[in-house]
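Peer 1: For reference, the chains in residue letters:
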Amino acid sequence: MRFRMRKLLLINLLGLIGVLWSATAFAQVRTVEGSVVDATDKTALPGVNVVISGTNKGTATDGDGKFRIELQPNENSLAFSFIGYQTQTVDVTNAQTVIYVDLAPDTQQLQEVIVVGYGEQKKSDITGATANIKGEELARQPVLTATQAMQGKVAGVQIISSGQPGSSPQIRIRGVSTALSGTTALYVVDGVLTDDITNINTADIVDMNILKDASAAAIYGSRGANGVVIITTKKGQAGGIKVSYNNNIGFRQAANMVKMANAREYSNYIQAATGAAPAQTPYDTDWYGTITRPGFAQQHNLSISGGTEKATHLLNIGYLNEKGILKNNSFRRLTLRLNEEYKLTSWLKVGLLSSYGNSDNQNGFGNVDVDPNGAIGGAYNDAYRAAPTVANYVDGRYGNTSGYQNVGNPLLDLMDNDIRVNENRLQGSTYIEVKPVSWITLRSSIGGDFRNSLNRGYFYQFNADQNTFLISGGNQYSNVSNLTVKSIQSFRWVWDNTVTLNKKFGLHEFTLLAGTTAEQYHYQALTGSRNGVGPDPNLWYLTTGNANSSQNDGTGDKWARNSYLTRLNYNYDGRYLLTATLRRDGSSRLPGANRWQIYPSVGVGWMLTREGFMQNQNIFDMLKIRGSYGKVGNDQIPTDAYTSKVDLNHGYGFNGSGNTADGFGQIRQVIDPSITWETTVEYDGAVEFGLLQNRLTGEVNFYDKRVNNALIDINSRRTAGDFDHSIFRNVMEIQNRGLEILLTWKGKAGNEFSYTISGNATFNQNKVLALNGGQAILGGSIGASQNFTTLSDNGQPVGSFYVLKTIGVFNTGADVANYVGKEGPIQPTAHAGDFKYQDTNGDGHIDDNDRVFAGSYQPKVYMGLNFSANYKAFDFALAIYGNLGNQVYNGKRAVRINGLDNVEKSVVYDRWTSQNQNQKNPGANTGNQLASDYYVSSGSFARINNITVGYTFPDSFLNRTRLTSFRVFATSQNTFTLKKYSGFTAELPGSPTNSGIELSTYPTTRTIAVGVNVGF
Amino acid sequence: MTMRKIYIASLTFVLLTVLSCKDSFLDVPVQGGVTIDSDPNLAQSLVGGVYAGLLQGDSWGDGDVHGFAFISVTSIMSDDADKGSTASDQLNPVGDLDDFNHTSTNKFAETLWSGHYNSIGAANQALKALSNSTVLTDAVKNQYVAEVRFLRGYLYFNLVRMYGKVPLVLNVAKDAEDAATNPVFATRASVADVYTAIIADLQFAAENLDVALLAPHGHANKGTAQSMLAKVYMYQQNWQQVFDLTNEVITSNQYSLIADYASLWRQSEDFSPESIFEIGTGKFNNANLKIDNYTVSQGPRTGGSGGWDDLGWGFNDPTVNLVNAYEPGDLRKNATIIFINNSGDHKGTPLWDGFRVPSSDSVQNLRYNYKAYTSKLKETFANAADKDRPKNVRIMRYAEVLLMNAEAAVHLGQGDPDGKINLLRDRADLTPKSGVTIDDIWQERRVELAMEHDRFWDLVRQGRAAEVMQASGKHFQQGKHELLPVPNSEIQLSGGLLDQNPGY
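Residue numbers (numbering that gives the first Met the number 0), protein chains in the order written: chain A, 0 to 1015; chain B, 0 to 503.
So here's chain A without its partners, still in its complex pose (with noise of 0.2 Å):
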């Protein structure tokens, strides 16, 4: 043995003579490669940087860790660097041309960092909870926005969202902890605080950590109860300069049709309903079949960064481009970012991180006044109910749906408007840090967020005469053609001045951060709009209106925020961790004497496998436990809600009804002055651990957290003089209680073989817990004979459906006239085919007070099953999201207003005949049903969120070319829904207590995409 080391030393050395030889002997440009792997499992690591020492040039590390560089003579050593790794120098004066770097892991740095709002924090050190997107594992899928990209990813965290295009997911964090306040959770995007991140180009994003429960989101106060969502965007890296493009290209589709019945069969169904057959025509118009198309999307980035050891600079370009499934529906944004860092010097540090959006949204909204939740659902509400025998668009004239009966001709629905959103959007910071001593930093940021939009909305002239329809007549006319347009600025600024002292004594560390914070936020709205405007988009333009149509309005918000924050960690030889923060929150938005507010927190963690005694086992590599106290609140409530204002501009007309009226005042509101934030009071425990040399890590966790005094609009009695009869006031309180379980196995098979399988799931329960006096509140209106769905009351899930019991149908008059309570039938206008419901509260009569609960739209699970495995050059990811226990309600099927809509092809075979006696579907009917459990229907489902393949060129291929890396690939997102619901999707996103109906729903959609990531 010895022998053949001396022999291999031997061999080499001679090896290395030759190699210095041929150096000296051809001293020029030379190339260096090889590859570097983690010193301990030998894995290899993408991404390390390669930096020629002395100079600003360098390199990256592929996917497989390889590396390829360019020397000049006089270079003679290379520096590895990689973020949790110890940079190693290789002397390569020896003129190796080929190199292997084993990386020793930094046992300092070993651990992941996580940002916890104004600073950061080693992961094994945290006390509270949060968890970490990798920005990689976002990218990967063909979605807008990370959030959409979040789901099934993280254990606590919900995402809810529509198939528009340009449309921002919902995001609910450990359960529904507000009814009527903001519930999106607040984005903090490199240090500026919004609610939106539409603008952010997912490729941008380095990492996405969440703080989910109280005690880690108190350090953001009074904005911290619906969670925190940190998102740092990417820098340069010190090296050579890095090009790099990816794009992805697919096609869209409804991820699930509703059949409707075609001509014949409704025909005979409303034969069967109203006794007399509908007109025969030779139309069978398949309406959804109409209004949508196959949509198309693109995105492509183009990312330029590099920098040296002084100054790091990135350049990200992206574009991205949705067509909609819906007819004339479409979205496209462009992204730009630069991001730049300047060490001036050992302690001076300067830098900007800014992005710049522009995003045109077009007809993704009913009108000017953009509403997130979007409003161009009209139409498919419409198609349900148009009947097929209208025809639906023939040699340039349209069906007359609602000649026919009172249902817009959901084509023309699409087509009649012109609306058109173009925002531009400039975000960023400027941050100053000054290390007066290693231990004290002092940080300054400034960030900005600056939004204008400019919303055109045209609408059509056209006549319900036979230049528009095949035949005239109806109620969908437009006599005049109208142009209103928008104009929406807003800008944002938050000051952050932070000093963080770090210093260690012995086995003791203490990190201790003191700051302030200030923020003020103003809105400025102008709207002005004119009649008889040409349909040629060139004279889209107020002058060329009818000036005697000219209307005109404006509105304004203004608000600010002052804080001042503080946070202690602490922890002994990393096996005692202690964090407690402290932040004092004052807002414009709240009357004076509920102004300030203090929200405390504390966590502790202990890791035991640091004990002394824990070293003698090997089960675990890692076992923490840790437990959390905070609190938090919620002020996203409007800016006037305490005020009484008078509300201006109601006309009354003094001088004739041809003459020009007069504007007057009235007070429509009755306000409680003493409204003051939600405040939201959560514990939270967790065990964290790791077994089998850290192969399987995972984490469960409990939590409570309740909301004292959730804002809500409480429906106030109309005898009150409220117009709109509803009252905002601090009266509900709200409970969420949960587990989330997180179980990660990383696997290997040989050497080409390593796969990852992660799986999450949260089983949440939401309760209302108190309305202290304040009335259960009544939601989820689908107007008709549906005034209301859902009630949040005492003991139930907030936004609970609330409806009519079914215990049958009536197969004969006899039935009818049998089915009696305390005063003779308790249905006597019903017929054979009626529902029977059930007379709950025993009076004789069927009314709302006979409604029961049914249910909510809140899932009792959600969970999230992720693999990735890579296979010598191919690599594979799937995405599994599902939600269990939640209910959904069939509001389009519900809102059946007009005797001659249409109804699924379902209903028409499914339902009760005298043949066919069963007892869950009605007879043939004429619609205006009451709200009753029929429509109410399991939620649940499971969906393949996205499946990618992918394959990376070898080195040999890449050698013959310019490209440092090249990888293609194929994605698929919303591959397959597993569901039990009949409708286009169990997703239904909404306010609390209007959630979970599926009306006028943009269904999700699937999507199948090739694409490429060339690195140059």
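Calculated from the structure, these hints are not laboratory results. Yeah, the Cβ is synthetic: ideal placement off N, Cα and C, and Gly gets one too.
Cut-off 25 Å, straight-line C-alpha distance, at most; resulting in silico cross-link-like pairs (DSS-like, lysine-lysine):
#, chain 1, residue 1, chain 2, residue 2
1, A, 234, A, 65
2, B, 127, A, 644
3, B, 173, A, 644
With beta-carbon atoms standing in for the labels, derived distance ranges:
#, chain 1, residue 1, chain 2, residue 2, range
4, A, 297, B, 176, 48 to 58 Å
5, B, 323, A, 822, 35 to 45 Å
6, A, 274, B, 319, 19 to 29 Å
7, A, 820, B, 319, 35 to 45 Å
8, B, 28, A, 575, 47 to 57 Å
9, A, 659, B, 235, 34 to 44 Å
10, A, 913, B, 323, 34 to 44 Å
Starting from the structure of chain A, add chain B where the hints point.
Peer 2: Chain B only, in chain A's frame:
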């Protein structure tokens, strides 16, 4: 060196901190929102705001005072009109009301309740602001208070006729707590108490308003208040008061019958000498200022083979029963009803302004309300292209004062009932009557005020609603259908304090 760096950096930091924490930083006034405190003159504006509340027509939403819901319960429910439109259109809530199948969740019964209380809230707010106002003289203040109290009295008069017992709200809700807990908002006062309050309001208005009009048109004046008060007394069968008040109005010489009955409801006769109380519409902000859906809901609707750009939804169609109520030759018949040509000659029906409504093969229904017709050709509107155009709704005309006077005169056996009735008959080109009876007057009321939102309540007042309605084939139940149900949602909000009307 290091110390100096610390010193400089810390100083900078402290400065930044101090700068960002000025006390006034958080005192941000509401942007673009005025309050009574910021502008004392707003009290005056709030008076106009109470009038503006009369235009509420959000029948499926937040509130209706004179919109489609009002049309439904005053006219469609009566024997004068049918639901109209297509058979299936708006079966709920309108069809249910027409046929007396409505329940306590009927949307229109709910929005009428909300609309009236919205307006009453606006009135109470105005009264409060007026009493606190320091800029108005007492005389002007009294004038405004009287106008507002007139409107509040009128609104309660509608409420008591629709629902019977209702909560009597005469002050603003102080704040949310008060609105939610004060029993005033959830306890129904007796019908007698409501009438006492109505009479107090109208009496105050009658005493404090000028005979001469303060503003050119539209504002309530002494005669308006006296006439409304007379009608209230008529519902209480206090005939002496009816007689005296109507006599005062008649002898004030402020009002007269206009010559042409047919033009009464046209724009040219807005605020005519015959108008006692009228809801004012017009142009505002370059748009039609109107009661939403008042005209479009009643406009002739396309049907059959269609082929024309129709005028509306075709609701509130005069019945054959009403047609038959007219004596032969009564000019008022063709002034009240648009008869669709059903003769087969396809000549359509030319209207007063020259517009021709097509014949029955292209029109949905056979009769429409002429009084709700607006002329695109001969009348002016901010947006004539909009089918929903402004129409001043005549709530009370001088003709009704004469009718009330006549009815009181017959009851009291004094005055000149024949003379009053014959003024109207003469205008309608009918022969005079003598020795008129109560029945004669009721008949005259019906045809004179047809489609003017009086018939249903009048039948209830006369005590023969059940008899007449059942005769016209409606499912009217005596002791139930005289009143609308108290909205179920409001009962739920009352925490059980509100009770329901009998039978619902």
